[in-house]
Amino acid sequence: MPKSKRDQKISLTKTDRKGLAWKQHIVEDIKFCVSKYTHIYVFSVHNMRNTLLKELRTKWKDSRFFFGKNRIMQLGLNEAAKEMAENIGEDLHKLAVRLNGQCGLLFTDHAKDIVLDWFKDYSALEYARSGHECKEAIVLPAGPCEEFSHAIEPHLRKLGLPTKLERGVVSLYKEYRVCEAGSCLTPEQAKILKLCNMPIATFRLLIKCLWSKKAGFEGFVEDTDTSDSGNGADDEMDKTLDTPMDNEESE
Numbered sequence: 001m002p003k004s005k006r007d008q009k010i011s012l013t014k015t016d017r018k019g020l021a022w023k024q025h026i027v028e029d030i031k032f033c034v035s036k037y038t039h040i041y042v043f044s045v046h047n048m049r050n051t052l053l054k055e056l057r058t059k060w061k062d063s064r065f066f067f068g069k070n071r072i073m074q075l076g077l078n079e080a081a082k083e084m085a086e087n088i089g090e091d092l093h094k095l096a097v098r099l100n101g102q103c104g105l106l107f108t109d110h111a112k113d114i115v116l117d118w119f120k121d122y123s124a125l126e127y128a129r130s131g132h133e134c135k136e137a138i139v140l141p142a143g144p145c146e147e148f149s150h151a152i153e154p155h156l157r158k159l160g161l162p163t164k165l166e167r168g169v170v171s172l173y174k175e176y177r178v179c180e181a182g183s184c185l186t187p188e189q190a191k192i193l194k195l196c197n198m199p200i201a202t203f204r205l206l207i208k209c210l211w212s213k214k215a216g217f218e219g220f221v222e223d224t225d226t227s228d229s230g231n232g233a234d235d236e237m238d239k240t241l242d243t244p245m246d247n248e249e250s251e
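Once you know that position 60 of the sequence shown is 60 in full-length UniProt numbering, the rest is easy, because the numbers rise by one and skip nothing.
In case anyone wonders, no lab produced these hints; they're calculated from the structure.
Some hints could be false.
To be verified - Taking lysine-lysine and the DSS-like style, the derived pairs with C-alpha atoms no more than 27 Å apart in a straight line are: (1) K23 x K213; (2) K120 x K214; (3) K174 x K135.
As the list claims (entries may be wrong) - Between beta-carbon pairs, the in silico distance windows are: (4) K158 x M84: 54 to 62 Å; (5) Y173 x E136: 19 to 27 Å; (6) N50 x I114: 22 to 30 Å; (7) V169 x R71: 53 to 61 Å; (8) K214 x F32: 15 to 23 Å; (9) S212 x E147: 43 to 51 Å; (10) R177 x W118: 37 to 45 Å; (11) P199 x Q24: 35 to 43 Å.
Note that beta-carbon positions come from the ideal geometry of N, C-alpha and C, so glycine has one too.
Model the full structure from these sequences, guided by the hints.
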């Protein structure tokens with residue numbers, strides 16, 4: 001009897017894609033960048049978004065970003081400090097201490113003022129995820145919602161919206177309060193805001209400290225909780241951390 005094309009073996013085992021060799025490669029890359037670039041910055045990421053981090057890599061082509069697991073980046077910095085001359089590598093270990101939470105490293109030769117001003121002004125609006133703390137109440141008024149296709153009206157009702165079809169147009173038959181100020185979004189509320197094209201989360205980077213070969217270590221802000229205001233952030237950060245994004249192709 002001929003073998004059915006549908007009879008396919010599927011492995012249910014899960015293996016680690018990145019082992020010791022990959023981690024050592026990242027450590028060596030960091031050590032190389034320590035010797036190559038003049039300045040090293042530690043920054044925290046707020047409202048983590050993978051696509052926006054990739055855009056940063058494009059904007060800073062002559063510099064290099066690392067979004068690796070903190071313990072791997074710490075190892076790279078500490079090993080670099082041991083191998084450098086005492087008068088050069090002094091205080092480099094202080095950068096490693098500040099790597100906690102959702103953080104990254106920026107290696108660059110740009111002047112400090114240029115880097116600080118750019119990061120201070122940079123931000124991007126993104127759709128919030130579940131768990132995001134709302135700064136203000138959001139209310140959808142009653143009436144037609146022409147931005148919605150009639151085909152998704154059942155889905156809107158499942159999300160909790162008081163909708164109905166009037167002559168083929170999705171309409172809210174009463175006012176609907178999506179969220180209150182100070183409350184945390186539920187998964188359903190986050191989906192509603194995205195469907196309504198309401199980005200309320202701000203992606204931004206905060207420079208925590210700097211180390212330069214001439215001036216040594218300089219701190220700018222105290223360590224704070226930089227976790228994303230959304231449950232999906234941890235998953236995305238894990239994906240990003242498992243694929244450090246530098247200014248070269250995938251390592």
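To see whether the hints hold, each was checked on the structure:
{"no.": "1", "hint": "K23 x K213", "verdict": "holds, 25 Å"}
{"no.": "2", "hint": "K120 x K214", "verdict": "holds, 23 Å"}
{"no.": "3", "hint": "K174 x K135", "verdict": "holds, 24 Å"}
{"no.": "4", "hint": "K158 x M84: 54 to 62 Å", "verdict": "holds, 59 Å"}
{"no.": "5", "hint": "Y173 x E136: 19 to 27 Å", "verdict": "holds, 24 Å"}
{"no.": "6", "hint": "N50 x I114: 22 to 30 Å", "verdict": "holds, 26 Å"}
{"no.": "7", "hint": "V169 x R71: 53 to 61 Å", "verdict": "holds, 55 Å"}
{"no.": "8", "hint": "K214 x F32: 15 to 23 Å", "verdict": "holds, 20 Å"}
{"no.": "9", "hint": "S212 x E147: 43 to 51 Å", "verdict": "holds, 50 Å"}
{"no.": "10", "hint": "R177 x W118: 37 to 45 Å", "verdict": "holds, 38 Å"}
{"no.": "11", "hint": "P199 x Q24: 35 to 43 Å", "verdict": "holds, 40 Å"}
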